[in-house]
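K.L.:
For reference, the chains in residue letters:
2 protein chains.
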Amino acid sequence: MDVKSALQKFKDLQEKLSAFNHAEALIFYDGVTTAPKGTTANRGQTLSILSRESYILSTGKDTVELLEFLDANSGELSHKEKRAVEIALKGIRDMQKIPMEEYVAYQQLLVEADDVWHTAKENSDFALFCPYLKKIFDTEKKFAGYCAPDKHPYNYCLDKYESGLTMQKCDEFFTALKAELVPLIKQISQRPQLSNKCLKGDFSEDMQRRFSIELMKAMGIDLDHCALSTTEHPFTTSLGSHHDVRITTNFNREDFSSSMFSVIHEGGHALYDMGSSDDLAYTFLDGGVSMGIHESQSRFYENLLGRSKNFIDFIFPKICESFPEQMKGYTAEDVYKAVNLVTPSLIRTEADEVTYCMHVMVRYELEKRVMSGELEVEDLPSEWNRLYKEYLGVDVPDDKHGVLQDSHWSGGGIGYFPSYALGSAYGAQFLLKMKESVDVEQCLKTGDFAPINEWNKENIWKHGCLYKPNELLDRVLGEPFTPKAYTDYLKNKYKKIYNL
Amino acid sequence: MDVKSALQKFKDLQEKLSAFNHAEALIFYDGVTTAPKGTTANRGQTLSILSRESYILSTGKDTVELLEFLDANSGELSHKEKRAVEIALKGIRDMQKIPMEEYVAYQQLLVEADDVWHTAKENSDFALFCPYLKKIFDTEKKFAGYCAPDKHPYNYCLDKYESGLTMQKCDEFFTALKAELVPLIKQISQRPQLSNKCLKGDFSEDMQRRFSIELMKAMGIDLDHCALSTTEHPFTTSLGSHHDVRITTNFNREDFSSSMFSVIHEGGHALYDMGSSDDLAYTFLDGGVSMGIHESQSRFYENLLGRSKNFIDFIFPKICESFPEQMKGYTAEDVYKAVNLVTPSLIRTEADEVTYCMHVMVRYELEKRVMSGELEVEDLPSEWNRLYKEYLGVDVPDDKHGVLQDSHWSGGGIGYFPSYALGSAYGAQFLLKMKESVDVEQCLKTGDFAPINEWNKENIWKHGCLYKPNELLDRVLGEPFTPKAYTDYLKNKYKKIYNL
Chain A
0 MDVKSALQKF KDLQEKLSAF NHAEALIFYD GVTTAPKGTT ANRGQTLSIL
50 SRESYILSTG KDTVELLEFL DANSGELSHK EKRAVEIALK GIRDMQKIPM
100 EEYVAYQQLL VEADDVWHTA KENSDFALFC PYLKKIFDTE KKFAGYCAPD
150 KHPYNYCLDK YESGLTMQKC DEFFTALKAE LVPLIKQISQ RPQLSNKCLK
200 GDFSEDMQRR FSIELMKAMG IDLDHCALST TEHPFTTSLG SHHDVRITTN
250 FNREDFSSSM FSVIHEGGHA LYDMGSSDDL AYTFLDGGVS MGIHESQSRF
300 YENLLGRSKN FIDFIFPKIC ESFPEQMKGY TAEDVYKAVN LVTPSLIRTE
350 ADEVTYCMHV MVRYELEKRV MSGELEVEDL PSEWNRLYKE YLGVDVPDDK
400 HGVLQDSHWS GGGIGYFPSY ALGSAYGAQF LLKMKESVDV EQCLKTGDFA
450 PINEWNKENI WKHGCLYKPN ELLDRVLGEP FTPKAYTDYL KNKYKKIYNL
Chain B
0 MDVKSALQKF KDLQEKLSAF NHAEALIFYD GVTTAPKGTT ANRGQTLSIL
50 SRESYILSTG KDTVELLEFL DANSGELSHK EKRAVEIALK GIRDMQKIPM
100 EEYVAYQQLL VEADDVWHTA KENSDFALFC PYLKKIFDTE KKFAGYCAPD
150 KHPYNYCLDK YESGLTMQKC DEFFTALKAE LVPLIKQISQ RPQLSNKCLK
200 GDFSEDMQRR FSIELMKAMG IDLDHCALST TEHPFTTSLG SHHDVRITTN
250 FNREDFSSSM FSVIHEGGHA LYDMGSSDDL AYTFLDGGVS MGIHESQSRF
300 YENLLGRSKN FIDFIFPKIC ESFPEQMKGY TAEDVYKAVN LVTPSLIRTE
350 ADEVTYCMHV MVRYELEKRV MSGELEVEDL PSEWNRLYKE YLGVDVPDDK
400 HGVLQDSHWS GGGIGYFPSY ALGSAYGAQF LLKMKESVDV EQCLKTGDFA
450 PINEWNKENI WKHGCLYKPN ELLDRVLGEP FTPKAYTDYL KNKYKKIYNL
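Chains A and B are the protein sequences, given in the same order. Using numbering that gives the first Met the number 0, the first residue of the first sequence is number 0, and each one after it goes up by one. Using numbering that gives the first Met the number 0, the first residue of the second sequence is number 0, and each one after it goes up by one.
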C-alpha cells in the first residue's frame, strides 16, 4: 500500500460512511416528522441492520489497517488529511472497544426509547419511560467502562460532546456563572415585572410557518439547502453532507415567540453546518466540531442577535405583517421587553437568557449523580422537582413539564446539556471579538446578516472539524476563554431592561 | 453448507436488502416530499453509494452460491421458500448481466432526471428533459440487450412490470378494448353533456387534506401504518416492509375531485401492500406481485368502488362536511354525475373511466416505437400530440399538458403504462367474482369496507408475491382473464348515466 492509494481508499470509506449517515439520519428524521405512529419497530429493524453495516465498515480489519498505515505515515499527509485520520482513529478505537452486538442493540433501544418518550411525555407518565432511561444510563456507563476505563464515566460522556470537557471544568464554570447570575436573578425579581402580553394570542400553524420562513430568509439561510419541519422537540440534522440540512420547530398556537426563537436557534445550528468549506463534504471533517461550539452558534443567533433591541426593531414590521390582527396596538419596544422578560420557569427551551443556565445546571447535577451511581433513575423525577425548587424557586406540576420535557436522554445524549451553557458563554466572547471588525449593531438594525455570517464563516464555520474545539477557541479569541464576557453581557443588558 | 443454515443466511440477506430498500425508497420519497430543492446532487451521491452496496450484496459470489445451493436443494424447501429463491435468482441473473458501473450510473441518472423533469414540466420545456429521457430509453434498450438478448427490448420492459406480458398480448388486449370503447365514446359524445360544476370552487389545501384523511379512514386504511404526503405526481411506496406505507396526492385548489380520486387510487395500492401476510415482511415476497395486479387494486378502489352510485351516496355527507360552503345546493346525484362525466381530455390521471385507456394506448404506442427504434425521443412531443388528436380528438396546448405530464419516464418506468389498463380490466373481473360472496353494493351504501377488504386480503393481498401474476389470476378467477368484464361494466354503467 502506498500513501496515495491509501488516501483514495480513505476517501471512499468516508464517502460510504457519509451515505450510511445520510440514510440513518433520514430514517430518524422521517420518524419524528412524517412517519405514521405504528412504524417504530419497522424503523428499528432497518436502523439496526444499517448501523451494523456501518459498524463493520468503521471497525473492520481493512479499515483499521488503512488508518494505522496512514497514521504511521502522517508525515506525508496534509493537515486536513491528518486531522481526518485522527478523528477516524479516535472513533474507531472507541467503537472497537464496544462489542458489536451491544452497539447495535443500543441503536435499536434508542429508536424504541424515543417512541416511548413521546408517549410518556404526552401522558406525563415517567414510569413508562423509566425502564428505557435506566437502560440508556446503564449502557452509557458500560460503554464508558469499555472506552475509557480510567476516566469517571461522566467525563467520558462530557468529552463526547465537547472534547476535553470534564466535571472539574464544568464545576468551575457553573460556579462562576452562579456567582453572577443568582444575585442578578434576585435583583430582577424585586423589580416590577415586564409584560409579555404582545406575544400571546391565537396564531395558526400556517401563519407561524410563513413567519418562520421569513425569519430563515432574514438570517441569510439558503433555503435551497435547508428545509423546515415540525416535531415535538426542535432539532437540526444534516443528511449526508452540509449540502442538505433540516431544521425543525414546534408551533405553540398561543405564543408565536416559542417557535420564533426555536427557528432562530436551529437556524444558527444550520448556518454553522452549512458553512463548512465545500471540500469538506463527505469527509469526517464536515459540519460542526463539537456541541459546545455548535451551541455557541445557535444561542448566538437566538439570543445575542435574536433578542437584541436592534434586531427586534428590524423584525417587528415582519411580525406585524405575519400576525396583523394579533399585533394591533403593540410596538417594537413591547416585543423587545416581552422576549427579554426574566422569570424563573419550568421549560428550558422557553427560558429567558438569565435563568437559562440554571435549567442546564439541574440536568448537569442529575446526570453527574446518576453516572456516579449516587442517584437512581427512578428517583430522577423527585430530584428534578427538588432542584427546580432550589435553583429556580418553581414547583413542577407534573413530569411532562419536568423530567420528561427534553428529548436528549431518550436519544442517548447524556452529557450534552452543559454544551448549551458553555456555548452561550463562548458566543458572548465571540461577539466581543466580532465587534472589533463588524458593526454588528448596524447590521441588526438594517437586517443585513451578511457581514455577521461572513465573519462566522471565515472564523468558525468553514473549518468544520479541522480544529479541536479548544484550538478553534484559541484561534478565534486569541485569548483564554472565560465566562466573564457572558456574565458581563447579561448584567449590562438586563440592568438596562429592568432599570437596576 | 446445509439447507437449514443456508435458509438462515437467506433470511439475513433478505432482511439486509429490505433495509437498503427502506433507505433508498425513503431518500427518494424525502426528495419529492420534503427535501429542499438544491439537494439533488447530495441525494444522488448517497443513492449511488447505497445502490452499489445493494448491488454487491445481491450479486456477490456468496449470494450467488447460496441461492444456487438452495435452488439445487429446492426439494427440501417449502413453497414459500422456493418462490423467494426463484424471485431472488431471477433478479440476480438479470442484475449480473448489467455491469455494476452502468447499473449505479443509471440509478444516479434517474435521480437527476426526476429533478430535471419537475423543472421541465413546470416550464413546459421538453428540450430540457429530452437528453435525460434519451439516456433513459437508451439505457433501457442496452439493459434489455444484456438481460434478454433474444427478446424484443420492449417485451423485456413489459415483463418487468407484469411478468409474462408481451407486445402481442398488449396489442390483442388494446384491440379488444378499442373495439368496444371507441363506439361507446362516440355515442356518449352525441348526448347532452353532464355538469361537473359541483366539483369546482376554491378548496384550500388544509380542507382537502382533512377530507383525504376521512377518505383513508372510510376505506379502512390503518393510519398507524400509512401516511399521506403531497407531491407533484401521486404515488405509493413501502419503506422496508408492508408495515410502513406512504401515499401521496396533489391538491388541485380548484377541483377537490382530483385529489379525492388520487387518494382513493393510491389508497388501493396501499391496502394491497399493507395486506401482505405478516410472515412475508422483510422477504422478497412482501408487497404486491406485479404492477398489473397492483393497478387492479388501485383502480378497483378508485373507479369500481369510488365512482359508484352507492359509494358517492355514502361519502356525500362527508364531502359536505369538508366543503360546506362550496357544496351548498348540490346533491349526491350531482356529484355522481360529475365524477362520471365522460369527455376526451388531456391529463391521464384526471381522465374518466371510459376514455382512460385511450391515454394509456398513446403511451404504449410511443414507448413501443421508441424501443423498436422507429421513433426518436426528440419526436415524442409531436407524435404525442398527433396521437392525442387521433385517439381522443383533443389538441395538446403545450408539453406540460402533454408529453411531460407523467413522472413514469423520468423514473425509468418504460413499460409500466399498460399495467393501468390491464389492472382496470382485472379489477372488473375480480368484482364479478367478489359479488358471488360479498354484497358489495350494500357495503358501499353503508360505507362498510370490511367485507370487501377481507375478500381482497384473503384472495389477493395476503399472498404478496407467493404466486406469479398469472397464477394469482387463475386462483382468484377460476377462469381465463378476458377484457369482457371490463368493457361490459363500462357499457352498462355509462349507458345508464348517459341514457343511451
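Read the hints as simulated data drawn from the structure, not as lab findings. There's no promise every hint is true.
The list cannot tell twin chains apart, which means a pair is met if one copy fits it or any two copies do.
For lysine-lysine, the following DSS-like pairs were computed, each having C-alpha atoms within a straight-line distance of at most 25 Å [to be verified]:
#1 Lys36 x Lys308
#2 Lys327 x Lys432
#3 Lys199 x Lys483
#4 Lys8 x Lys483
#5 Lys134 x Lys185
#6 Lys140 x Lys15
#7 Lys96 x Lys492
#8 Lys36 x Lys15
#9 Lys60 x Lys15
#10 Lys461 x Lys308
#11 Lys432 x Lys168
#12 Lys168 x Lys434
#13 Lys492 x Lys199
#14 Lys467 x Lys10
#15 Lys36 x Lys216
The structure presented is a predicted model; accordingly, all values stated were derived computationally and were not measured.
K.L.:
Are the CA atoms of Lys36 and Lys216 at most 25 Å apart within a copy, between copies, both, or neither?
P.N.:
between (32 Å within a copy, 15 Å between copies)
K.L.:
Can you tell me if Lys327 and Lys432 fall within 25 Å by alpha carbon in one copy, between copies, both or neither?
P.N.:
Classified as neither; 39 Å inside a copy, 65 Å across copies.
K.L.:
Treating 25 Å as the Cα threshold, decide for Lys467 and Lys10: within, between, both or neither.
P.N.:
For Lys467 and Lys10, the Cα distance is within 25 Å only inside one copy (21 Å; across copies 44 Å).
K.L.:
Can you tell me if Lys8 and Lys483 fall within 25 Å by alpha carbon in one copy, between copies, both or neither?
P.N.:
Neither, since 46 Å and 61 Å both go past 25 Å.
K.L.:
Which holds for Lys199 with Lys483 at a C-alpha limit of 25 Å: within a copy, between copies, both or neither?
P.N.:
neither (34 Å within a copy, 65 Å between copies)
K.L.:
Classify it for me, Lys461 with Lys308: is the Cα-Cα distance of at most 25 Å met within a copy, between copies, both or neither?
P.N.:
neither (29 Å within a copy, 63 Å between copies)
K.L.:
First find the shortest C-alpha distance between Lys492 and Lys199 inside one copy, then the shortest across copies, and answer within, between, both or neither for a cut-off of 25 Å.
P.N.:
within (24 Å within a copy, 57 Å between copies)
K.L.:
Give the relationship of Lys168 and Lys434 under a CA distance limit of 25 Å: within one copy only, between copies only, both, or neither.
P.N.:
Neither way: Lys168 and Lys434 sit 28 Å apart in one copy and 76 Å across, limit 25 Å.
K.L.:
Between the shortest in-copy and the shortest cross-copy C-alpha distance, which are at most 25 Å for Lys432 and Lys168: within, between, both, or neither?
P.N.:
Classified as within: same-chain Cα gap 23 Å, cross-chain 76 Å, threshold 25 Å.
K.L.:
At 25 Å max between alpha carbons, let me know whether Lys134 reaches Lys185 within a copy, between copies, both or neither.
P.N.:
Intra 39 Å, inter 71 Å, cutoff 25 Å: neither.
K.L.:
For Lys96 vs Lys492, is the C-alpha pair at or below 25 Å within one copy, between two copies, both, or neither?
P.N.:
Intra 48 Å, inter 70 Å, cutoff 25 Å: neither.
K.L.:
At most 25 Å between C-alpha atoms: does Lys36 with Lys15 qualify within a copy, between copies, both, or neither?
P.N.:
Classified as between: cross-chain Cα gap 23 Å, same-chain 30 Å, threshold 25 Å.
Of the numbered hints given earlier, the model fails hints 1, 2, 3, 4, 5, 6, 7, 10 and 12; all others are met.
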